[in-house]
Amino acid sequence: MSAVAKKIEQPRLRGAIRIEEAVKVYGDPKTGVVAVDRCSFECPPGEITMVVGPSGCGKTTLLNAIGGFHSLTSGAIYLDGELLCGPGKPQAAPGSDRIVVFQNGALFPWKTNLENVIFGPVMQGKLTAREARDKAYVLMSDAGLSGIVNEYPGQVSSGMRRRVEIVRALMNDPKVLLLDEPYRALDALTKSVMHESLLQTCYRNRVTVFFITHDLEESIFLGDQVVIMTSRPCRVKKRLKVDLPHPRDHTTRTTKRFRELMDETMETVHEEAEKAFALGDREG
Amino acid sequence: MHAPRYGVQVELALYRLKNWLTSSSPYLMLLGFVLLIGFWWLSVEVWKLPRFAGMPGPTVVVREWLSRNPEFGLSIYTPEYYLHILTSLQRVMIAFALATLIGVPLGLILGWSQAAREYIFPVLEMLRPIPALAWVPLAILMFKSSEGPVIFVTFLPAFFATALNSMLGVHSIDENYFRAASCLGAKRWQMFWHIVVPGSLPYIFTGLQISIGLAWFSLVAGEMISGEYGLGYVIYTSYTMVSYPTIVIGMITLGIVGYVSSAIIRIVGILLMRWRSRELGLDGL
Chain A
1 MSAVAKKIEQ
11 PRLRGAIRIE
21 EAVKVYGDPK
31 TGVVAVDRCS
41 FECPPGEITM
51 VVGPSGCGKT
61 TLLNAIGGFH
71 SLTSGAIYLD
81 GELLCGPGKP
91 QAAPGSDRIV
101 VFQNGALFPW
111 KTNLENVIFG
121 PVMQGKLTAR
131 EARDKAYVLM
141 SDAGLSGIVN
151 EYPGQVSSGM
161 RRRVEIVRAL
171 MNDPKVLLLD
181 EPYRALDALT
191 KSVMHESLLQ
201 TCYRNRVTVF
211 FITHDLEESI
221 FLGDQVVIMT
231 SRPCRVKKRL
241 KVDLPHPRDH
251 TTRTTKRFRE
261 LMDETMETVH
271 EEAEKAFALG
281 DREG
Chain B
1001 MHAPRYGVQV
1011 ELALYRLKNW
1021 LTSSSPYLML
1031 LGFVLLIGFW
1041 WLSVEVWKLP
1051 RFAGMPGPTV
1061 VVREWLSRNP
1071 EFGLSIYTPE
1081 YYLHILTSLQ
1091 RVMIAFALAT
1101 LIGVPLGLIL
1111 GWSQAAREYI
1121 FPVLEMLRPI
1131 PALAWVPLAI
1141 LMFKSSEGPV
1151 IFVTFLPAFF
1161 ATALNSMLGV
1171 HSIDENYFRA
1181 ASCLGAKRWQ
1191 MFWHIVVPGS
1201 LPYIFTGLQI
1211 SIGLAWFSLV
1221 AGEMISGEYG
1231 LGYVIYTSYT
1241 MVSYPTIVIG
1251 MITLGIVGYV
1261 SSAIIRIVGI
1271 LLMRWRSREL
1281 GLDGL
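Read top to bottom, the protein sequences are chains A and B. Counting from 1, one number per residue, gives the positions in the first sequence under our numbering. Counting from 1001, one number per residue, gives the positions in the second sequence under our numbering.
The shape of chain B in the complex, shown without the other chains (with noise of 0.2 Å):
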């Protein structure tokens, strides 16, 4: 409708940027990071703290990261590196797909159809406890890849995370908002497309988050038990073979790859929900 203002976008990036910059938070965040280097730093490497006593420091763990020949075989010049990085992106990402491509639906049906919700609620809450390590072996028995039992595990806790928050969604949704559509002549299914899918969207994204994040959560271990590569296969090998610093490496790279993920989450789901992000002040996100 509107012609692109880029000129105006810009100008408002520009001013955030400038807002973000004089405010407190860039320098609390960063003051945040110093602490926790330094706690580190000061435990392993100055003070030598009894527990540390084993660990790899910061420096030691830089370095090895950094470097273009690392002792224990792996930094950011090596192949495997994003090999290991690649792996578990792609398993991450078919078992969030596939969790949001089944557990939405359901949890929207589930919210929806009280029939539905008695059949299957009860079935989900009693499976929904059940740590995602406990179905290794029986995914180990269930698939013959090798890759089969890691997605399934990957994908077991961000399924029910998914559909639970699509159900609890769809809950939330203002009952005047069903009274006005049945008012003004929607049928049943026309009603489920325009209230309950837009109306369960602020939910279903808060499902989404905590979903990606129980994904890599559950992926390291599934890694660690089967698999050849990914970063839980680097973390637990290392540890067999005592190369401390790169588990260290291991962990980081899943925190960063974790953190970006859920990040381009928060993003579509703003991008999705503009009427929302208009509403409370923050477009322009």
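Isolated chain A (complex conformation) (with noise of 0.2 Å):
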């Protein structure tokens, strides 16, 4: 009771993104390749933000920016206020309070799945062990894993290892979860089974998602906020917002409002997507 009060009064402000001006350079500063131009926008705290784009438009390098994984040639992207990557500071330091989810999955196949999800808070000696196994176990239960603690991610399908590791993102009370592509290699069936879990997740866990995708129902359904990209290089093209209510399931899709926001939307991104063919611009 407590403990629930507390979370109501605490300001609700964990995770807030702001990209200001990010662009991005492979290459020469003048003469590289320019992956992402001028990009800014926010993603409110606790919200889904989707970020839609054809492929290889430079998504990619705007999560690894804030991932840590990649510097930013000019611009700054802010994690609550406060300086991530900016002047003076090029590249963040990956760090657990932001999470990326792979495009092609990257838990460690030779762990069982209970070791890769207790894999970060052991590494931080922020819980022990035992600690971090109990909580594993309620996750993973909650998340509908119980039965594959056990077994090594080579032995489960593609939909549950997605699981398997966002549930190890949560494990370290992330600010923000990056998901690059989470469930492209997924049958459309297996898709929109995981979308319900990760709304669900969602609603239990209250987090910043940044999720890219270049599938624009999944943006829809998915999203609070959704912001179409430019091919390369990457700009804002337009910003959404889906007004769709909470919680949704995959009743949602069938909804009038779930069309309207589809037809808003498909003349922008396919408009892009066939820039983006006449680019020739190889997939990823």
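In short, the hints are calculated from the structure, not lab data. A virtual CB, placed ideally from N, CA and C, is assigned to each residue, including glycine. Incorrect hints may appear among the rest.
Unchecked claim - With the C-beta cut set under 8 Å, the calculated list includes, among others, these residues of chain A facing chain B:
id: 1; residue: Gly27
id: 2; residue: Phe102
id: 3; residue: Asn104
id: 4; residue: Phe108
id: 5; residue: Pro109
With the hints in hand, could you dock these two chains into one complex?
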């Protein structure tokens, strides 16, 4: 009871991302390839921001800058008002407040699912292995993963692996989850199950989600905000508030408002996709 | 966690055995041996082909090998036979253990640390192509004992193979595992222990397989030059003493012992990398 009261008292400020005029040029600053060009937008705390754009447009570059794997050429990124990277600090340090779930998955294949899940807090010395296991059992059973705790990632389906990876991230109580097309390789049916499961997870654990995708339907179904990017170089083309009520489930997709939002944005996205196609960019 | 399920294990083993026996592989394997020995027998004992004239045939070799009173002094009934095997085995084990204990950590560090690679790798690459045999004179000068030079010559190529493969193992690890670990707050030494070591294991064990093969290979070279016991010594002295069947006994014994030693390493590898064998559906091996 007191824990709940405490939570309500706290200002909901965890995990606000602000991107200001972010620029990333690969190679020489003057002649190199511009991947991201003066990109500015905000991800409100505790909300899901979907970043949509054609494959290879530079969305991942932006995610890597937030995660701390790439530097920015200019511009700045703030997390809860603090500078992550920007003037005087080109590259952020990776940290457990911003956890990345990679496109192809990065569960350690030599550790069981449980060992993977407890990795973060145990490495940081925040929890003992025993405490971490107790916490992991709860989170894994919430995510419907009780049955595969002691299996190796290679033994379970790719949908299961993605869930394990998200649980592994949540174990660290991150401010931000950075998801890079996590459901790209999944079939449509599994994907729709995964979407609902992700929403459930977000309802339980308030966390800011920065979700990269090229799937418009996915972005409207999951997002509180959809940011549509141009094809290379990556710029913000359109921002859209998704006013579909929460909690959402698969029936949301059949509502009138969902179709309207789809129609509203389809044209924009299609235009960019055609440009990207004409550029002949490689996937990824 | 689970109670041992011996019944299931035995059943599984029997099922695998049955599958193996009903497949073509055991018969093809047998056929391979029959063809090899048949060719040997025909060319030496039946057709007496010109190049094979002075060679011992399979019947002579097998009779000598299984004889209680071997004509040339070495068979499965003579204690010296086992003394030679044990001596060689001991040398290979010492050299292999040293190569593994030094080679694996060195290889991992080379793969992990850019600076270490820049210092050490070029030196290693220059020393590596020098054949073990070329080291023999220096080895004899360096080590006063009779065992020293042989073990050193056996160790060297095994060490290079192990170090190089361990280094390649580190390079084979997907960059995303390092990124994920750094996201999750792993410090550098934790990353070494939890990502670098297990991630390189498949390559390390490939290296160890090559390493044990090379160890046997260069052991014989070493034993031919220095030493009083060992299978290489047997082969060489039998040649100078014209006991030709004994040469072949030594060779076959080397083949068998070498085969068994690499099989043991393969099995250890499978046991250490259960995550991998499970992934590939090979569990229970």
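We went through each hint and held it up to the structure:
1. Gly27: Hint violated; glycine 27 of chain A Cβ to chain B Cβ min 20 Å, cut 8 Å.
2. Phe102: holds, 5 Å
3. Asn104: holds, 7 Å
4. Phe108: Constraint on phenylalanine 108 of chain A satisfied, holds at 6 Å.
5. Pro109: holds, 6 Å
This entry does not satisfy hint 1, going by the numbered hints stated previously; all others are met.
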